[in-house]
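Enquirer: Start from chain P and add chain B according to the hints.
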Amino acid sequence: MTATLAPPSARPVPARKVPWGRYAGIAVVAVLLVVYPLVAKTSFLQTIGVTALTMAIASTGWNILGGYAGQISFGHAVFFGTGMYGTTLLVTGGWSPWLTMMPIALLAAVLGVLIGLPTFRLRGHYFSIATLAIGMMVMSILPNIQWLGATDGLSVPFLDEGFWNLTFSLRDKTEYYYTALGLFAVATVAAWLFLRGRIGSYLEAIRDDDVAASAVGVPVRRYKLYAVAMSAALTSIAGSFHVMFVTFVDPSSSSDLSLSTAIALIAVVGGAGSMWGPILGAWLVIALQEYTRTYLSATGRTIDLMMFGALIILVAVVDPRGLVNLVKRGYRRVRR
Amino acid sequence: MQDLLQALTNGAFLGAVFALAAVGLTLVFGVTNMLNFAHGDFIMVAMYAGFVCWSLAGIDPLIAIPIAALTLALVAVLVYAGIIRPVLGSTQLAQMVVTFGLLTFLRGAIQFAFTATPRRIEDPIVGGIRVVVGGVAVTGAQLVSAVGALVATGALAWFVYRTETGRALQAVGEDAAGASLMGINSGRMYGLTWALAGVSTGVAGALLINNFGIDPLAGATFGIMSFIAVALGGFGSVFGAALAGLLLGVVQGVVGLYLSGYTLTAALGIYLLVLVVRPQGLRGSR
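Protein sequences appear in the order of chains P and B.
Under this note's numbering, residues 1 to 336 are what the first sequence spells out, in order.
Under this note's numbering, residues 1 to 286 are what the second sequence spells out, in order.
Ranges between beta-carbon positions, derived for each pair:
id : chain 1 : residue 1 : chain 2 : residue 2 : range
1  : B       : Met182    : P       : Val334    : 46 to 54 Å
2  : B       : Val131    : P       : Val318    : 51 to 59 Å
3  : P       : Trp192    : B       : Met182    : 48 to 56 Å
4  : B       : Val131    : P       : Asp319    : 50 to 58 Å
5  : P       : Leu314    : B       : Met182    : 33 to 41 Å
Partner residues aside, some chain P positions facing chain B, computed with beta carbon under 8 Å:
id : residue
6  : Asn144
7  : Val268
8  : Met306
9  : Ile313
10 : Pro320
If you are wondering where the hints come from, they were derived from the structure by calculation, not from laboratory data.
We treat Cβ as the ideally placed atom computed from N, Cα and C, and that holds for glycine.
Just chain P, same shape as in the assembly:
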């Protein structure tokens, strides 16, 4: 009788399938990202690379809240702007740009929690509208704040070239590129570690059905707050790096609604709720944007807007799970 009841540990554990496809994907993408600046020598192509990686970091932050926890924010420029303004102010005060990142990210996390406390009572559309309004509110106040440079904005003081100063030659942007790549890798690993265990499962449960999640004992509000803190911190780090690259910040470059939507839509185009989403989306969107802006738009930013809009519509209609799902489907078809 006892023989039939094996203790749980002795139960045959099904051999875990090794996700070779994922490993191969990571390897291919990593090699491509490392090799890119060696092949892409022009300033134009390198700027695309740096910008794409920066936006990928910001989108990775958005993805934690929007993609995994399902709380769709259209106000993430607030956190990006926190990084831009915060780092500019501290660097002006004599700090190393690297040292500014963590305290500013912490500030962004606190800001995220403060925004989350009242808005997480709202669900679905209602939450999104609230984030949109908060983002616009910040945008509408910034031009009136003198110590943040009002409408003129602030410039990052001139620093000597070097890694410690996060200031490199602008003729060859390879060093900026690899710094951005390193930051992106750190951000992705941080997001992965954050989402790997219970937090990730809880957040996905909240996204799929918050009432059910709450019923089985998931502390919904607390986990949403964890998500927004991490999300805001990562997005602000992207802002900190970005301001060191462009050395200038003003209201429209840091908190514009179009920046908020770009951060969100990059993740969606790539694949919301997937670690692949931000990096795939960022390269596609930024490359498309820069190419069309430079080569097709004699009259200003118009064709790039049209194409970006059409691309977003296409993704949402054809496969709302984004590019990564198209790639996965293609891969499965090839393997069969």
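Expert: Same frame as chain P, now just chain B:
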């Protein structure tokens, strides 16, 4: 005191147009449970429709109102059939994203066709009119847009609450599956809702060009104001949206008088305040 009265009046007249814009938005939300982020840009397209009528055929904006309304109804129905219907069963994220894509596309397309140069209608019929009552001046353009907006808002409300088809719309909004069992074609009702939203934005756009400049970003303010009005009034509530639209206009007028840099901040601030105190909005039920 005189200034305050004038600001209140200007705000109320602008608020009437906000109300009309908000009613179209809230209708789509109430019936299809979907937010159309491109709503303000429909108004912008309508403004260009009116501009084309005026510049090509010399048609005054007043007479262009039905043309703009029909054009936008057509645009809205095409949008519905082309990109909205495919995502009706999809995730909320996909639904939001598709209208964001539409917003981006419309701004890009209009700028491509007309360039970013601001346009304006010269000498509309109502241009020279100016009425002064008790020291408060009201221009013909203000008068016409406010009256037009109120009439259109009233007509929409009448249609939704007092006609058979309007009740069918409400039924679909409450329970699409249940409504289908009662023999209501919910797909057709969704299309009709988008058409009605198109008509409301069309009328709003044609009314606005009497005294507003026309450019590819002209819809942004109205889009945001109608979103706030809808959220403030309670999503899906027609009267709530209209009321909130009027309120926002007045707030803008008065705040603009004392702190000209903070009109948008004030409107958003009121919304966020209401959000904290009463998340379901002024007249919302949820």
